[in-house]
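Hints given; two lone chains; assemble the complex.
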Amino acid sequence: MSVETTKQVSDEHPMEHLLRMDRIPHIWCSTCGLGTTVRALAEALEQLEIDHDKVAVVSGIGCTGRVAGYLKLDSFHTTHGRAVPFAMGLHIARPDMKVIVFSGDGDLVSIGGNHFIHTARRNIDITVICVNNFIYAMTGGQVAPTTPIRARSKTTPYGNYETPFNIPLLAASSGAVYVARWTALHVRRMAMSFAEAISKRGFSLVEVIAPCSTLYARLNKLGTGLSLMKFYHDNSEIRHGADLNDIAIDYQSKIVVGKFLDVEKPTYLDALNHHNAGIFGDKYKPYGGGNGSD
Amino acid sequence: MKADPQNVLTGAHYLDGNYAIAEGAIAAGCKFFAGYPITPSTEIAERVSRRFPLIGGIFVQMEDELASMAAILGASWGGKKSMSCTSGPGFSLMMENFGLGIMLETPCVLVNVQRGGPSTGLPTLPGQADMMQARWGSHGDYEVIALAPDSPQEGFELTIHAFNLSEKYRMPVLLMTDECVGHMTEKVIIPPPEEIELIERRYTDKKPGEAWPYQENELISPMLPVGEGYKFHITGLTHDYRGYPVINAEAQAENVDRLMAKVKENVDDLTWLEEKDVEDAEVVVVSYGISSRVVQPAIAKAREEGIKVGQIKMVTVWPFPEKRIRELAGKVKALIMVEMNYGQVYLEMDRCAAGRCETYICGHAGGTVHDPGSVYSTIKDAVK
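Line by line, the protein sequences give chains A and B. Here the first sequence is numbered in the working numbering, starting from 1 and rising by one per residue. Here the second sequence is numbered in the working numbering, starting from 1 and rising by one per residue.
Okay, chain B solo, but in the shape it has when bound (with noise of 0.2 Å):
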């Protein structure tokens, strides 16, 4: 389905990356946002609220981000591709019900422009430090989607790409940016909605009283549509096809195999990557979001001086690209993770390399992007 033209401003634009991910939402037909302030994600609401009313949308400035989130779930299941937006504090917040969305499969967008931590940390400075949370912050097992742009251009687009995988994997999906990407003005250009290509949500094609909210044997059920007689019940708590809770191990199971399934038997799908001169390099250095940018000019610096550097973006962070990371690993010298924290992703990489490359991290606790010189040194330590 192509976008609704209403929806689309198309043209070239000067917007921040923020203002992008409001135009990215609301050009894949967002119509339910609830959210709280919270620098340096505002701007995303304020774009919504100011743009919502003429184009049948709703904004809702809630009172809290545990309610933020509750409620673009019960807009989900109204039928409205829903989100909201948050920093670290509110994204903490947010965890409890971003499990419920998991728990209850329920499509909507969450995007975290991220600032440095932990607790109230730099509000107005950029970090990177949420990726681990992004990926284990709620209790329990499960497997999660996030994207992360590189530029207000990528804002808006992994906008839409993230709506389009909740509805097609039918679950809430993370745009985890930060406040460099948030606050950074490019031009970003916005295509014509006939080039805007949407998943919209597959509903049962099934009778009232023969569907069930996950039916039998299907990894990823078409929900079922509130209103129209199906009855439904769906519950928090572990529960069969049926959406009916069953206490026990067996059912657990079941449960929390196949909504961390969801994502696990479909990684290729899910993984994007950027590669840049990787099949030649002895080192190479994998990055997102605002980081993937930084990390050239020392990658340029470094080839320069013949050094065979490549270059790994991931626009998909979460899943974690292991299959490429490991038959790099068995033909690299070195692995680098770039990213604004102690070495979350880090972590990932290096279980992937398993001993059969160096790995290093580059990093640092936030509050402004890397230094292209201590990329470039650890590059020069990487070839030693």
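Excised from the complex, chain A in its bound form (with noise of 0.2 Å):
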């Protein structure tokens, strides 16, 4: 009864058409925040009803850095912290399609923390998805640049005593245009933030504070991934257009979620055609993807 059940469920998953049905079972722990926030990224797709073939995924190293090869799209498994910058290239040579970068933390933030902050600043077209687990997971649960101060990892066996990032604050300060900030338990809201970024011309940013059950939540006695949403549903305050100082993230402190930011200014390819036509008048061709010579 019970297999006949799970092939049912398998049959009828409404987003297969976006997944590698081929490679599931993925590689993620039972209750990590991952597959919820993949699925959520799926219904944005749907949502917007944009062409599929035209969106890609591009991920780094890492638990998160997996997404790339289970969604059913043009999808790119980089190097640690280079995810941005491929996905950059990427943009300006198919500035046509949606690049979305899909990665974890330590990927964005801390390897890749000087790509993130000049693509921010150069506010390039593309949607960066940071999936925060306050953890290194995947090479077994060391401290993160995003791990709040007292929390336990493997390399900080007696708690955490450096500052985090504040995600939403450095991507603002950098140069982005969007900003939310969403837990796994917000599938909904998640998803609109999604949708809404991956439209926005610019840099946009939607970080998701996931549980990580298998080593954050272990090494820190917070229970199991259960426990881990009870205590975003019972901690996460909505506070939309929140001062971006006053959102850091402490050790099971409240969780401050919503969108920060939605403003307009030019992306980089609008800045560089803008600027060219000035410089070169009519001899410029505004650059839109093409060699030059059609």
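Everything labelled a hint here was simulated from the structure, so no lab data went into it. Just so you know, not all the hints are guaranteed correct.
Claimed, not checked - With a straight-line cut-off of 27 Å between C-alpha atoms, the simulated DSS-like cross-links for lysine-lysine are: (1) A:Lys-72 <-> B:Lys-231; (2) B:Lys-333 <-> B:Lys-380; (3) A:Lys-72 <-> B:Lys-206.
Quick look at the structure:
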């Protein structure tokens, strides 16, 4: 009976057309927030009614880095930290496509931190989904630049004492035009934010706070994945437009979520075309992805 | 396919090597350049940034070389011919994603205008001491293609050749020049576009759903275009023909063997040697890049004295012309490698000579080209 039920569920998975079913089962632990987040992205792509042929996903390395391998889109699993510049090159070559970077906190703001801020500064028209589980999970639970003060990890066995990044503040102060944060519990709002971010012209960031029960919760004795979801339920506060200086995440403290920033700015290619048209006049053909001879 | 006329500055020019490389890239159809300033390579980026706006190219000055290399891979998958240029310290940073380029089988060109090392070394002075880094700089087993121009004219021509090889073999190709060639100004003849033969990217003729990024039993698969519904996956992890990660020894052997076979099975096609007076030679001077010009007065002087000296210039340094060196080792008294390092490519030559002739390294730490006198002395030592 239970076997039949499983079959029935998998046969009817509503997002099957967006997933590489030939790669399922995935490698993620049960209660990991990644499945929910991937599902929310699939929802967003459905809501947007865009041509999925024209969507590409780029990931770096880590648990979240594996997302590219499960989405049935043109998908690129690159090197640690370099998903963003790879995506930038892809976007500039194909500005007609939607390029989404889907990676983890360590990948994006530690080893890839420099690329993250500079790509935001240039306002490159890509969407970055940062799944923040407060820890390096793929390697077994080491401290991350997002680990809250006092939280334990395998390399902070007595607790962390380094100040973590406030990722939405980092993105906004670097030049992003759209910044939001949700937890893995906020599935519909997360999907809505993904859709907005993908539609937004410019560098958009959505941070997703996600449970890692195998490492973060276990090392900090916070219970199961379910306990973390309950924690998000009880301690998340939706505050759209919150002052980004007030939304840093402390250990087991309130998590401020919402859409924090949604502004208009010329994208990198807008600025390039506008500037060059001013310099070269009619001799300049606005760059739209072609090779210049059409 | 011929070069696009809008990209080619046909005529006789007076250019330094770096500008000539930039013109070669543009003539080859490069439309995406990501780079980070570093002496002595920066003039390539400067020239490209000046030339690109009116010919539909995009130049991006990146935050660092890690990003530069990643961005040219992304752009290549987006369908652009792409390149970057750098020098020693930046080359070290690029090794990470050079390996990704090898693994994903991504056409692109990377230029290293070599300076003295290690570390910051001699930013404004020449060296050839990154040759083994070019061969082995990224982790893991793989093969590379590296070309070495001896002049601005060759800088132009070999850059086009590098782009062609990168498309043909579906991999990053290295142009290993040096500060001396980069900053040397000479006459450069840029031919008319119809005389510039370009190899264009091979895309699959299969339909979405039937094509994989690496076709089974194909040494070099045609690429899949993005945005056309193929919905393919590629990864830097060890993978199968589908591009899907497979983490075991069998998949590793299959994957790495094929990456290496692309070059190893085509060494004859890739080998490009220019030989002079080798037939009757008892000593052959082997060199590449600027060193192959510096050796010429020494060889001429030795020949005037009746010493039978021949010369081999390696235009392609990697893959190493193993077959030819083995042949020669059975015929000559000595092989001399002249390079601006303490014997990097020499080690390959010595290995291939396998004790069948004497081998000499005429090298130094870099900072200047060789004194031809040192080459002459080495020739004299070799015929003693």
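Here's how the hints hold up against the structure:
no.: 1; hint: A:Lys-72 <-> B:Lys-231; in the structure: holds (6 Å)
no.: 2; hint: B:Lys-333 <-> B:Lys-380; in the structure: holds (12 Å)
no.: 3; hint: A:Lys-72 <-> B:Lys-206; in the structure: holds (18 Å)
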